[in-house]
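Asks: Here are the chains, one letter per residue:
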Amino acid sequence: MTSSGPVKEMASVSSTNAESARDAARRPHRPARKAWRLHYSRRIQLWGVSFVLPTLLFFAVFKYGPMVWAVELSFTSYDMVSSPRGIGLENFESLAADPIFRQSLFNTIVYIAGSTALITLVGLALALAISTAVPGARYCMSAMFLTNLMPILAVCLVWRFLLHPYGLVNQLLAPFGVDRVDWLTDSATAMPAIIFVTVWRFAPYFMVVFLAGLLAIPDDYYEAAQLDGANAGRRFWHVTLPLLAPMIFFVIVVSALLSARIFLMPYIITGGGPGNATRVLSMLIYETGFSYMKMGRAAAISVVLFTIMMVFTFLQMRIFMNREQV
Amino acid sequence: MTNKSTSRNSRKVTRRTLVQGMGAAGLGATMGAPFAGRAFGQAKAPVKLAFWTFENPQQRPWIHKRVKLYMEQNPHVTVDFQWFPFGDLGKKISVGFATGTAPEGFVSQDWFMPTWMDKGLLAPLDVQRLGYPTYDAFTNDFAAAFVKGATQDGKVYGYPLWFYGFCNYLNTKQFKEVGLDPDKDWPKDWNQFGEVAKKLTIRDGNKFTRQGFKFAMHAAQWTMIQFNPILITHGGQWFDASGKCTINNAAGVKAMTARASLARQYGAEDPADSIATNPLPQMDWLKERCSMFWCHPIPLGAIKSQNEKMLAERYFKPVQYPGVEPGKGISTTYGFNLVVNARAPKDKQEALQDLYKFIMSDLIDCWKDTAPFSLARKSGWADNPAVKEFPDVAEIIKAKDQGVFLPRSVVYTELADAVHRGVQKIMLTNADIKTTLDEVAAEVDRASANYKKG
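Read top to bottom, the protein sequences are chains A and B. Under the numbering used here, the final residue of the first sequence carries the number 326; numbering is consecutive throughout. Under the numbering used here, the final residue of the second sequence carries the number 454; numbering is consecutive throughout.
Please keep in mind that the hints were generated in silico from the structure rather than gathered at the bench. Ideal Cβ positions, reconstructed from N, Cα and C, are used throughout, including at glycine. One should not assume that every hint holds.
[As the list claims (entries may be wrong)] Straight-line Cα separation of at most 30 Å, DSSO-like style, residue types lysine-lysine; simulated pairs:
#	chain 1	residue 1	chain 2	residue 2
1	B	K155	B	K378
2	B	K91	A	K63
3	B	K188	B	K198
4	B	K207	B	K378
5	B	K388	B	K173
6	A	K63	B	K378
[Said to hold, decoys possible] Heads up, incomplete: computed chain A residues facing chain B, CB under 8 Å, no partners named:
#	residue
7	A113
8	T185
9	P218
10	D220
11	E223
12	G275
13	N276
14	F290
With the rest of the complex left out, here is chain A:
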């Protein structure tokens, strides 16, 4: 009894195998199908994904994850010590009623507008000047680009001393009859001074971008325009500017985003003062989060800043796209 079971099982298995072998013989011959083998294009895609995956994971964990968490935090009260507590829109409501937030928002907009416009204009002007065949232009470009190689902290400290009431800037202006200007301690001049330092720092960087764009414009266009009797101004207006439009768009968007995130310059040069004259949103975020331990409120300010920049970038793109279609 004990040994008959397995024998029977083996017999039934072998008969089953024999039947299936007969069935297979009856069927028309087909090449063996390898289910695990993917199509070439799919395999290429998977390889691509596998290469990109670490970067995607990096962004998901260190960039988009925190962004989503920041949005979530903006609806909470969180002091970094106890657990976040949901409070709905309270952070946003209190921000709307906070005069310091409103002033910081206004300062941020002024700073973005001022520095973006000037960076674009000065960067373009420098690029146009450098692209002319003036002797030593390349050396000038190298010298100007050096401003980007200096540590931002050193730049801020140096400018703080230069713009001191008894600093070099006032001493240089004195022979021209300019009376003492309290650049950093007068609410009327503090923000323009910071914008000036920003432009000094970043315009040469964008000059290189414009220069690349200018060099890409074929000389034929200028020659044709010249043959048609266009003067230098008209050639700039009708040839250079339209062909530089993508570069201009790029510079405006990037410099605006850069300006929106500016922190160190006002923090080190004026500390946000005098009063609140140079306090920008990024400074307010830092103070609210790390000095006052109100991370929920700081996250709400971040969300506001993010929204403003999203809208700004979206509008820029719309305007640019419409122009391109025309």
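Starting from the structure of chain A, add chain B where the hints point.
Replies: Structure of chain B alone, referenced to chain A:
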């Protein structure tokens, strides 16, 4: 006779009794060795502690020296000793608590104590472990004003370390230059203060060659330290009993008017220059660009490093603040506590308290390395000759003993920032004092309301 002889014999140490005694002692030691070894092993289990403090040229190296010495004497204890810029320490600790990376022990500036204690972040200390028989014995050994900020509900949360007041530092040479006797003519009330500062000021058009006095305007904390005694002596207060900010009441306006008068009325100060000068707030006084400056005790080494001549010829002198009534000026005092993170394991909390007891066990060594930063403890240092021979130490200790504390509030940082911004507006943009103080009070009240909401 026999009895006497027996009695004598019983007291007499013979070779036999000596050998017996030694044998018994040896046996006892042998029997007790396993227990002693176990006890020793338990006490000496390896302990690794993280400890943070602030950077300062004198104070940080002294704490570091004591910690190293403790580790040498207690090889089972390892202390990861880290330090940060003075203004960053509080923020670092906040982030540390948020991320679970706060150290087990740290030095807390006392204005942060209400916040840490309110959030339950500090562990109560065992006063007996710190060497005091009772709570009262502990609290009585420290300046009352300081202890008030380090204790709550009969428990001690901070072991007071340094505690000092601010003095008005004079450049006595410049006093003499303008015909003033620094020993008699130092300003004792606000009017004298303005007049003396004006006399000491030298201007070249709209440029100050020398300022009579200079307020530090580079940081909120300094604004608070320097305005605090002006507010208190003018009868003002930061908050009323209900917690409402009262800086904008009549006394507050009067105090701010007195503060602003140095520049507005006497023209003895250039606020625009003050805000832009850093990194050492007392640098202009050390470099003789201003004649008077309110400062914490200044170490002789700091004077020597910036102005060797000033130290060699000793033409400096700390005196007390001016007051509303002549000679009744008071200073701001503040200090530092050694504290323990409530989230640290129990064994580490105990080890830290042993470390703190050791750090504070040689106050004369502390004074020698960090003078003239006075200590919070009443006993064990002030009568020592090394302390007494320090120049003008009596004034420094008097400033500490008569000083008033910075406001203790859970919204201290918001208050300091709001006042700092207000002072900037008043001094730099000539804003109206009452309107500005109303804005400051409203801002602080908003912060208090937000804090209460949680």
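Asks: Next step is simple, just say for each hint if it's right about the structure.
Replies: Going through the hints against the structure:
1. B:K155 to B:K378: holds, 20 Å
2. B:K91 to A:K63: holds, 23 Å
3. B:K188 to B:K198: The hint holds at about 15 Å.
4. B:K207 to B:K378: violated, 47 Å
5. B:K388 to B:K173: Holds, at roughly 25 Å.
6. A:K63 to B:K378: Violated, at about 54 Å.
7. A113: Violated. Min distance 23 Å.
8. T185: holds, 4 Å
9. P218: violated, 51 Å
10. D220: Check failed: Cβ of A:D220 comes no nearer than 54 Å to chain B, outside 8 Å.
11. E223: violated, 54 Å
12. G275: Because about 4 Å separates A:G275 from the closest Cβ in chain B, which is inside the 8 Å limit, the hint holds.
13. N276: holds, 6 Å
14. F290: Since the shortest Cβ distance to chain B is 5 Å, the answer is holds.
Violated hints, listed in ascending order, are 4, 6, 7, 9, 10, 11; each of the other numbered hints is respected by the structure.
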